[in-house]
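Chains as they are written, first to last, in the working numbering: chain G, 1 to 153; chain C, 1 to 153.
None of these hints come from the bench; they were simulated from the model. Where hints are given, some of them may not hold.
No copy labels: a pair is met if it fits in one copy or bridges any two.
[Unchecked claim] Computed list of lysine-lysine pairs in DSSO-like fashion (alpha-carbon distance at most 27 Å, straight line):
{"#": "1", "residue 1": "108", "residue 2": "118"}
{"#": "2", "residue 1": "20", "residue 2": "128"}
{"#": "3", "residue 1": "150", "residue 2": "128"}
{"#": "4", "residue 1": "118", "residue 2": "20"}
{"#": "5", "residue 1": "20", "residue 2": "108"}
{"#": "6", "residue 1": "128", "residue 2": "108"}
All of these numbers come straight from a predicted model, not from anything done at the bench.
Number of protein chains: 2
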Amino acid sequence: MDRPIHFRTATMDDVSQIVKMLANDPLGSQREHYADPLPPSYDEAFQAIDSDPNNELIVGCLGQEVIGVAQITFTPYLTHQGSWRATIEGVRTSSDHRGNGIGSLLIKWAIERAKERKCQIVQLTTDKTREDALRFYTRLGFQPTHEGLKLNI
Amino acid sequence: MDRPIHFRTATMDDVSQIVKMLANDPLGSQREHYADPLPPSYDEAFQAIDSDPNNELIVGCLGQEVIGVAQITFTPYLTHQGSWRATIEGVRTSSDHRGNGIGSLLIKWAIERAKERKCQIVQLTTDKTREDALRFYTRLGFQPTHEGLKLNI
C-alpha cells in the first residue's frame, strides 16, 4: 500500500460503510441488512456503543475510505485475581483490500489498545466455518483453548 | 434441596465467598489467590463491575450462603442488525452443592435476565479441558459453533 492505514474511533458517519463491510461476507450476508437508509437499529446500536466507555468501535482508514472495522469491549472480571479483559468482535476488512495485511494491523492495534487499558487477556471467538480466520488469529499468537457457545434467545 | 435457591446481584460482602469458589477448581486454583485479607485487586475489580450498568455479578444463595456465581456482560453490537448480546463468564458453584442443579438454575436465570435486557444472543466460552462443562451447556441448548481464542498480553 502506498498510503499508511490509520485507526480511529468510528463516528456515526462511518456506520453505513461499516455495515456494508459486515454484510459483504458469507455469514454477514445472511444476517445483516445493508440498505439506504439503513434500518434504524444500526444507528441505535452505534449510539449505545459510542456512549459506553467500555466499548470502542475502531475503524481502519486509507485516506477517507473506511477499509476495516473491529469492536473492542473492555470488561472487568473477578477471575484471574480481578483483571480486565479485551474482547474483540465484529472484525471485518473491505473485500477490495483483503490480503493487504489490514486485518493484521487492525488486530495488532487492538492489542496495543488493550494494553493501554490494562487488560491482561485479549479474547475473541470465530465461527468454526471460518478456517482462514482461525489460521489468521493463531498466527497472531491467539490460542484456541476454548469452545465458543452461542444460544439464540 | 429443601430450601429454594434465590439469585441476586452480588455485594462487596460476597467477594470473599465468590473468590473461594473461583479458587476451588482445577483451573481456578492455579490463577486465583484466596486469602484473608484478599488481594485488593479483587475489591477493585468488584467495584468496576458494580459501577458498570452493562455488567452484573450474580450470586445464587441458599439462605445466607453463597453457592453459585456468574458474571453477565451486556454488549451492544452493530452486527446482527444492531443487537445486544449477553456474555456469561466466571460461572462457578460451590463444591459442597455440585450436582444439585444449581448451575443449571443459574444459567437459566442468566438467560431470563438477558431476555429482560433485550439481548438476542447469549454467549460464553468454556475451556476445552472442561468436558463436563461443554456437555452441561449443550444440554441447556448452547451450540458450540465457535472457536474461543485467548491471548495473554
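Inset, instruction - Could you check the structure against the hints above and give me the numbers of any it violates, in ascending order? - result: none
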